[in-house]
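Using the sequences and the hints given, assemble the complete structure.
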Amino acid sequence: MKVIKKPENGKKFVEYEVDGKSIDFGDGELTIRVDKKERDYEVPIDICQDYTGGLVMGASAGDKYVAQLIIPAREYTETEKENPAYNPEDENGTEQQTIMERNPVPFSMDKCTLILWEMEE
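Numbered per our numbering, the sequence shown spans residues 1 to 121.
Keep in mind that the hints were calculated from the coordinates and are not lab data.
Bear in mind that the values here come from a model prediction, so they are computed numbers and not experimental data.
Just so you know, not all the hints are guaranteed correct.
With a straight-line cut-off of 20 Å between C-alpha atoms, the simulated SDA-like cross-links for lysine to any residue are [to be verified]:
no. : residue 1 : residue 2
1   : K2        : K37
2   : K81       : Y65
3   : K111      : Y76
4   : K2        : F107
5   : K64       : I4
6   : K21       : K36
7   : K111      : K64
8   : K5        : Y76
9   : K111      : G28
10  : K37       : V18
11  : K111      : D24
12  : K5        : F107
13  : K37       : L55
14  : K12       : G28
15  : K37       : T113
16  : K6        : Q49
17  : K5        : P44
18  : K5        : Q49
19  : K64       : E120
Below, the structure written as structure tokens:
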């Protein structure tokens with residue numbers, strides 16, 4: 001996982017720990033199963049502190065940004081295969097002889113980016 005600190009010379013950032021496909025913020029205060037959030041489009045997840053100082057997911061529930069997790073769009077491999085619906089004897093058929101089969105590439109935390117913002121003292 002790529003980690004970016006803003007500012008680079010900052011002193012206090014939220015604690016986090018990556019464990020397999022999950023990321024834990026604030027020593028167990030907020031845990032996200034990242035692979036469950038993967039979609040066919042990029043997914044940014046905002047991690048904020050609410051007015052009590054607790055960690056929450058989403059800017060609308062929070063008061064101050066502490067981190068943003070960016071999950072890239074799901075990738076696929078494509079394989080050409082025989083079309084089971086193809087009938088070469090069907091004169092009115094619109095089916096093609098082969099079709100493309102899409103299979104999702106296994107999720108990898110290494111492709112995600114974590115941006116950490118310096119927290120107030």
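Each hint tested on the structure:
As the CA atoms of K2 and K37 are separated by approximately 18 Å, the hinted pair is consistent with the 20 Å bound. With a C-alpha separation of about 48 Å, the suggested pairing of K81 with Y65 is violated against the 20 Å cut-off. Under the criterion of a C-alpha separation no larger than 20 Å, the hint pairing K111 with Y76 is consistent with the structure, at around 14 Å. Straight-line distance between C-alpha atoms of K2 and F107 comes to about 15 Å, which keeps the hinted pair within the 20 Å bound.
For the hint pairing K64 with I4, the CA-to-CA distance comes to about 18 Å; that is within 20 Å, so the pair holds. Between K21 and K36 the alpha-carbon distance is near 9 Å, which keeps this suggested pair within the 20 Å criterion. Using a Cα cut-off of 20 Å, the hinted pair K111 and K64 is violated, with the two alpha carbons roughly 26 Å apart. The hinted pair formed by K5 and Y76 fails the criterion: a straight-line CA distance of about 30 Å is larger than 20 Å.
Note on K111 and G28: the hinted pairing is violated, with a Cα-Cα distance of about 23 Å set against a maximum of 20 Å. For the suggested pair K37 and V18, the alpha carbons sit about 15 Å apart, so the restraint of at most 20 Å is met. Distance hint between K111 and D24 is fulfilled; the C-alpha atoms sit about 17 Å from each other, no more than 20 Å. Simply put, K5 and F107 have alpha-carbon atoms about 24 Å apart, too far for the 20 Å limit, and the pair is violated.
A distance of roughly 18 Å separates the Cα atoms of K37 and L55; the hinted pair therefore holds under the 20 Å criterion. Taken as a hint, the K12 and G28 pair is honoured in the structure, with Cα atoms around 18 Å apart against an allowance of 20 Å. In summary, the hint linking K37 to T113 is supported, as the alpha carbons are separated by about 14 Å, within the 20 Å threshold. Restraint check for K6 and Q49: the C-alpha separation of about 16 Å stays at or below 20 Å, so the hint holds.
Between K5 and P44 the CA atoms are separated by roughly 16 Å; this keeps the pair inside 20 Å, and the hint holds. Under the criterion of a C-alpha separation no larger than 20 Å, the hint pairing K5 with Q49 is consistent with the structure, at around 17 Å. A threshold of 20 Å between alpha carbons decides the hint, and for K64 with E120 the separation of about 9 Å falls inside it, so the pair holds.
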